[in-house]
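Using our numbering, the first residue of the sequence shown is number 1, and each one after it goes up by one.
If you are wondering where the hints come from, they were derived from the structure by calculation, not from laboratory data. Keep in mind that the hints are not guaranteed to be accurate.
[Said to hold, decoys possible] Straight-line Cα separation of at most 20 Å, SDA-like style, residue types lysine to any residue; simulated pairs: (1) 94 with 45; (2) 94 with 77; (3) 146 with 93; (4) 42 with 93; (5) 29 with 67; (6) 94 with 138; (7) 146 with 107.
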Amino acid sequence: MSTTGKSEPAAPSSDGPAHSEEEMERKSKSIIEEFLHINDYKEALQCVEELRQASQLQVFVRVGVESTLERSPVSRQNMGQLFLRLLQQGLLPKAQLCSGFMDTLEQADDMAIDIPHIWLYLAELLSPVLSEGGFSMRELFSELSKPLLPVGRAGMLFSEILHILCKNM
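Given the sequences, and given the hints that come with them, work out the whole structure.
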């Protein structure tokens with residue numbers, strides 16, 4: 001990521017050639033759709049590891065958010081758990097998780113017209129990474145609040161996250 005927030009072409013990792021963003025998006029959709037159908041965390045982790053593109057995993061996260069936003073709470077919970085496991089295994093850098101959520105967060109206020117419960121849905125995706133130590137609240141809230149504070153919506157998302165975390169105690 002550049003300082004302007006625009007994606008820069010990823011340098012090839014030492015493990016393999018860089019994928020174009022379109023190819024990364026296509027591969028991510030395939031992995032996520034299969035994961036949501038069979039809920040095999042081990043296989044999903046292996047597939048993400050085989051992508052060997054840590055510098056482009058924000059695409060995987062963005063596709064995961066977009067793919068589950070209007071699905072069932074169970075799908076969102078499972079996707080959140082997959083994000084957590086990717087973080088715990090060192091396959092998903094924290095910066096890439098945040099970056100992957102940014103596109104959706106930047107548009108969330110407008111999306112709320114069509115998806116009235118968007119704050120709850122985003123909270124369902126994010127709460128697993130907080131409840132099991134993938135991220136500290138301070139880290140996550142300071143990063144994710146950036147696009148939400150100007151439109152006055154940070155509190156809505158964070159209250160939904162806290163509500164879920166309290167229910168699960």
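Which numbered hints does this structure break? none
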